[in-house]
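Listed here are the chains, written in short residue letters.
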Amino acid sequence: MKDFLEIKEIFYGDFPEIFSLNPRFRPGSKKVKVVLDVQAPEVQKGNTDISSIFMKLIKLLPSLERHQCGEHLIEDLKSGKKGPPSEHLEKITDIAHIMEHIIIDLQSNITGMNSCSGITCGYKDPYYRFDVFVECKDKKVGVFSAFFAADLLKRLLTNKSLSRRYYALIYLAKYFYGNKSLQRQTQLDPLASQISSEFGWKKSFVLSLLKKLKDFGFLNLEHSLAT
Amino acid sequence: MNDKLSFKNPDEVKTKIEKLISFQEEEDPLLKAKDENPDNPGLLSKYARVLCCSFDKNEAIEHQTIKLP
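Here the protein sequences line up with chains A and B, keeping their order. Under our numbering, the first sequence has 199 at position 197, and the numbering climbs by one with no breaks. Under our numbering, the second sequence has 318 at position 19, and the numbering climbs by one with no breaks.
Hints listed in this document are in silico derivations from the structure and should not be mistaken for laboratory results. Each residue gets a CB set at the ideal place from its N, CA and C atoms; glycine is no exception. Treat the hints with caution; some may be incorrect.
Derived Cβ-Cβ restraints for the label pairs, each shown as a range [as the list claims (entries may be wrong)]:
no.	chain 1	residue 1	chain 2	residue 2	range
1	A	K58	B	D355	24 to 32 Å
2	B	D355	A	E19	22 to 30 Å
3	A	S65	B	K345	30 to 38 Å
4	A	N181	B	K345	34 to 42 Å
5	B	D355	A	Y173	23 to 31 Å
6	B	S344	A	R68	43 to 51 Å
7	B	S344	A	N181	22 to 30 Å
8	A	S199	B	A347	46 to 54 Å
When the alpha-carbon atoms are kept at most 30 Å apart in a straight line, the in silico DSSO-like pairs for lysine-lysine are as follows [stated by the list, open to error]:
no.	chain 1	residue 1	chain 2	residue 2
9	A	K32	A	K126
10	A	K216	A	K141
11	A	K204	A	K156
12	A	K176	A	K139
13	A	K10	B	K345
14	A	K126	B	K345
15	B	K345	A	K93
16	B	K345	A	K141
17	B	K345	A	K156
Rough simulated footprint, nothing fancy, chain B against chain A, three-plus residues with beta-carbon under 8 Å [said to hold, decoys possible]:
no.	segment
18	23-35
19	95-102
20	121-131
For reference, chain A alone in the conformation it holds in the complex (with noise of 0.2 Å):
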């Protein structure tokens, strides 16, 4: 069955071409761009209520309780007024834009951006294809952020309640960030074990993480899970 919620390509570069469409992004700067499918029919099997989506999400970013939007997305989510999107449209398109949010809040709450900007682009055809582009400082934040709000969105949308799995992908993920080094590290049992023994975490708990970050293309530790 086709995911419903889908990230198509992922590309990284500079891109000139939408420089205009938001004046706040710094000239030269970097950029992420996600490719999203998000396909209707299945959504509106799963959990719409943006709003309900939007509590949960606070609880893992807080500081989207900060954010203002000219759209009064983000207003009407905070005071409950943002009720199940009444067009098909506006659902999928608000589901992109928390996107984009979640990638924003993530990356600077990794990396410690000072500012971060993007765009959220609605295609004409297919109606349902977005392009996200968001400034990334590092380009392995901005992909696992991609891939981590994606997952994120998924679960919640299917009315599935966040775990302490995503608090810890985070907290993971910024530590890794600080810590080049073991960015580097491509051996996945002692990776597990230092950490496990740093954190106070169970073993396989981390293991999980860690694949998870993998998959997310953080971290490079496809050799040592092939043996």
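Put chain B on the given structure of chain A with help from the hints.
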């Protein structure tokens, strides 16, 4: 130059994630495409709507919608 990561099948994902992580630069077809260059006003014609936002540590994130022709 932009790096491209495709997600059509698991093997391709694996290969391209490795390539992405290795920081090898690739030509981005978006920039190579004949009808897509910064001076071409039709470049963004594929979009129906654009939402933009910015974050600054000293400010809140702002959003606005840019109307496309």
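### Query
Between A:K216 and A:K141, is the straight-line Cα distance small enough, at 30 Å or below?
With Cα atoms ~14 Å apart, A:K216 and A:K141 stay inside 30 Å; holds.
### Query
Between B:S344 and A:N181, does the beta-carbon spacing fit 22 to 30 Å?
violated (45 Å)
### Task
Using the Cβ atoms, figure out if A:K58 sits within 24 to 32 Å of B:D355.
holds (26 Å)
### Message
Under 8 Å between beta-carbons, do enough residues of the segment 95-102 of chain A, three at least, approach chain B for the coverage claim to hold?
### Response
holds (count 3)
### Query
Taking 30 Å as the top limit, are the C-alpha atoms of B:K345 and A:K141 close enough?
holds (26 Å)
### Task
Compare the distance between the alpha carbons of B:K345 and A:K156 with 30 Å, and conclude whether the hinted pair is satisfied.
With a Cα-Cα distance of about 26 Å, the restraint between B:K345 and A:K156 holds, given a limit of 30 Å.
### Task
Given the hint that A:K32 pairs with A:K126, test it: the Cα-Cα distance must not exceed 30 Å.
holds (26 Å)
### Query
Are A:K10 and B:K345 close enough, with their CA atoms no more than 30 Å apart?
Status holds; Cα separation ~17 Å.
#### Entry: Status of the given 22 to 30 Å range, CB of A:E19 versus CB of B:D355
Roughly 24 Å apart at Cβ, these two residues keep to the hinted range, so it holds.
### Message
Taking 43 to 51 Å as the stated bounds, is the beta-carbon spacing between B:S344 and A:R68 within them?
### Response
violated (34 Å)
### Query
Does the Cβ-Cβ separation between A:N181 and B:K345 fall within 34 to 42 Å?
Since the Cβ atoms of A:N181 and B:K345 sit about 41 Å apart, the hinted range of 34 to 42 Å holds.
### Proposed proximity, B:K345 with A:K126 (alpha carbon, max 30 Å)
It holds: about 6 Å lies between the C-alpha atoms, which stays within 30 Å.
In this structure, the hints that do not hold are numbers 6 and 7, in rising order.
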